[in-house]
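K.L.:
As a plain string of letters, each chain reads:
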Amino acid sequence: MGLAQNIVFGLVTGSYIAIAAIGFTLIYGIVNMINFAYGEYVTVGALVGVLAAGALPLPLPVAALVAMVGGGIASLVLARAFFTPINHTGPVPMLLTSIGLGLALRNAIRLTAGQGSRYFDTETTTFRFDGLPDLSVGSVDLLGGVFVTSEHLIVIGSAVAVFVILHALLTRTDVGIAMRAMGDDEDLARVRGIDTQMIRDSVWVLAGVLAGLAGVLIGIQTSVSSTTGFSHILQILSAAILGGAGSPYGAIAGSYVIGLVVALSVAFLPTGMTGLSTAMAFLILIVVLLVKPSGIAGQEVREA
Amino acid sequence: MSLADRLPAGIGDRLPEDDGDRALLLGGFAVALALVLAATPVAVALPGELFVFFEVGTMFVIYGILVLGLDLQYGHTGLVNFGHVVFFAVGGYTVAMLSAQNPFVGIGLGYPWLVALVAGVLVAALLGAIVGATSLRLRDDFLAVATLATAEIFHSVFVNFREVFGGNTGILGVPTPLADLAGDTDTTMLATLLFIGGVTAFTFAVVTRLTDSPYGRVLRAIRADELVTRSVGKSTFTYKMQSFVYGAALAGLAGGLFALYNGTVAPGYFTIQVTVTIWIGMLLGGASNHRAVLAGLAVIMGLRLLSRFALDVAPVSADAFASIRLIVVGMILVAVIRYRPAGIWGDPKELGVDS
Chain E
22 MGLAQNIVFG LVTGSYIAIA AIGFTLIYGI VNMINFAYGE YVTVGALVGV
72 LAAGALPLPL PVAALVAMVG GGIASLVLAR AFFTPINHTG PVPMLLTSIG
122 LGLALRNAIR LTAGQGSRYF DTETTTFRFD GLPDLSVGSV DLLGGVFVTS
172 EHLIVIGSAV AVFVILHALL TRTDVGIAMR AMGDDEDLAR VRGIDTQMIR
222 DSVWVLAGVL AGLAGVLIGI QTSVSSTTGF SHILQILSAA ILGGAGSPYG
272 AIAGSYVIGL VVALSVAFLP TGMTGLSTAM AFLILIVVLL VKPSGIAGQE
322 VREA
Chain L
962 MSLADRLPAG IGDRLPEDDG DRALLLGGFA VALALVLAAT PVAVALPGEL
1012 FVFFEVGTMF VIYGILVLGL DLQYGHTGLV NFGHVVFFAV GGYTVAMLSA
1062 QNPFVGIGLG YPWLVALVAG VLVAALLGAI VGATSLRLRD DFLAVATLAT
1112 AEIFHSVFVN FREVFGGNTG ILGVPTPLAD LAGDTDTTML ATLLFIGGVT
1162 AFTFAVVTRL TDSPYGRVLR AIRADELVTR SVGKSTFTYK MQSFVYGAAL
1212 AGLAGGLFAL YNGTVAPGYF TIQVTVTIWI GMLLGGASNH RAVLAGLAVI
1262 MGLRLLSRFA LDVAPVSADA FASIRLIVVG MILVAVIRYR PAGIWGDPKE
1312 LGVDS
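Here the protein sequences come in this chain order: E and L. Just so we're aligned, residue 22 is where the first sequence starts under our numbering, counting upward by one. Just so we're aligned, residue 962 is where the second sequence starts under our numbering, counting upward by one.
Derived from the structure by calculation, the hints contain no laboratory data. Bear in mind the structure is a predicted one, so any value in this text is a computation, not a measurement. Careful: at least some of the hints might be erroneous.
Stated by the list, open to error - Examples of chain E residues toward chain L, derived with CB under 10 Å:
no., residue
1, Phe30
2, Pro114
3, Ile120
4, Gly123
5, Arg127
6, Leu132
7, Leu255
8, Thr299
9, Ala302
10, Ile307
What the hints assert, rightly or not - Chain L is nowhere near these chain E residues, computed Cβ spacing over 12 Å in every case:
no., residue
11, Gly23
12, Ala25
13, Leu122
14, Arg149
15, Thr170
16, Gly214
17, Ser244
18, Met294
19, Leu310
What the hints assert, rightly or not - Here are the in silico distance ranges between beta carbons for each label pair:
no., chain 1, residue 1, chain 2, residue 2, range
20, E, Leu290, L, Met1292, 36 to 42 Å
21, L, Arg1299, E, Lys313, 34 to 40 Å
22, L, Glu1124, E, Val181, 42 to 48 Å
Yeah, the Cβ is synthetic: ideal placement off N, Cα and C, and Gly gets one too.
All chains, full assembly: derive it from the sequences and hints.
P.N.:
And the structure:
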């Protein structure tokens, strides 16, 4: 398989990671916490989507909408029950709470939904481009034939749509502008008459909606099980921090970096070591934290 | 009435008052008893139903060393290390690779186990120094992320470099010195529990000495307010670094003991679950209090024991029960942070949290 094909895979992975990473980084920027339970929100979205599409059955776009609504509601309810009451305690207690909540949620999902994998029933059309010539350098083929499936296009297209809508939301609506103001300086935002709790709630809902969509897209690409979200949380987190925690635009850039690195390391690593591809993403994360801890577009996270 | 009161006068008066000294005495006694059991032909027969207690008990004392090291880092110095398992794993793997004879896959050099154990502690400390030097300047929550990512990287390295680390099978054929000495299974079990328990008691004594000294006061000052500590002329980074390396070295020791007890190491023993278990144990008991963190860990490990017995009476599958136990553990963590942020036996004033 050529390099070009792996770039396609990288863009697809980057796209669903980006949707989730935006939600993750918004929570970080406005509620000021690293939310480890966020992977479970993704799982909830994926499961709601797969049930809506399979059991009811609804057409896929409607099922995705149901999943997004489900993710938003779940996110708000969980935030109200677990995170809002301890908002004042600082980042570390909230991080630890999210780890406990994630552990409980993951196992509750496993208990109710079982361990098996579920699949979205989609019809796939594959578009092949075999015109590209091979350009071999050593064992690696720098071009090679490329195929794109309709599923790939759905994932990438949804991501682009999310970016555009989010940009409009953050720059054109009052709620979005208030969110950015709160991310900048919460006290000043409150002085200007912004209802900070309401904004926080809307961020939770928005993050849940994005998690739900990301869950459905991951489900379309692969499968849905109780660990769908958990197996992606470290990549989501890496992408968000890589981009500069708190910055949605940085998170998008960070996600595509992570997606491409994971895909390309699969191509370049010797067979039998492809499992190291995720480790490569974490390696980049650590290097970024050491060299430029503020990330691609973010704020200072070093103390001294 | 405490134990000391019930002893005949003379002896009761001579028992040391200090926590650390008492632990030292207890540890010495346990290790001596373990060696007597193992080295002499004395054998014990344990009822079969008690096996599970000994298994969980041995894991408890091994995790006990881990939680004491973590408490030095988080409870005393305030370093949020969420990759503690990596030092445990590196200690275990170092010992296994240096001492294993003819492992099935991976490297086994067959050196004496004592040399390997020392090397295991040193390698874990070295890794602690590297991680510390690079990440300790990060803010709390980002330090957590950096250490967590380190642990995940090592985990996938252990799984993927099959020729070196044995992949998912791990490294077999690690010597088990106590078992070789003792001979039969029952005696080995008791001797192992006593021996590692003794080492845990020694660890307890050492960290108590350390944290009761002026040195420990500086560590707690850093946790309370690093800026103030630096402004009175303490090199806070050096202290943080030392605390981190001590914790890592202790985890390496625990990993080495685990390898020599278990006879094999594999990635499955060193998952993020270990980190989560000791964190919850520490927070439940009350960080910065050595006895409390051990007690908290005992509660969490006790749940594991409880679930094994409940399995016999409850009409659910083992798998469902494991899920239920983890839900309970997760909710305990959430509840502790919300309602008793200083832990059950912790001192809220000491930790500077409102409860």
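K.L.:
Report the numbers of all earlier hints that the structure fails to satisfy, in ascending order.
P.N.:
Structure breaks hints 1, 13, 18 and 19.
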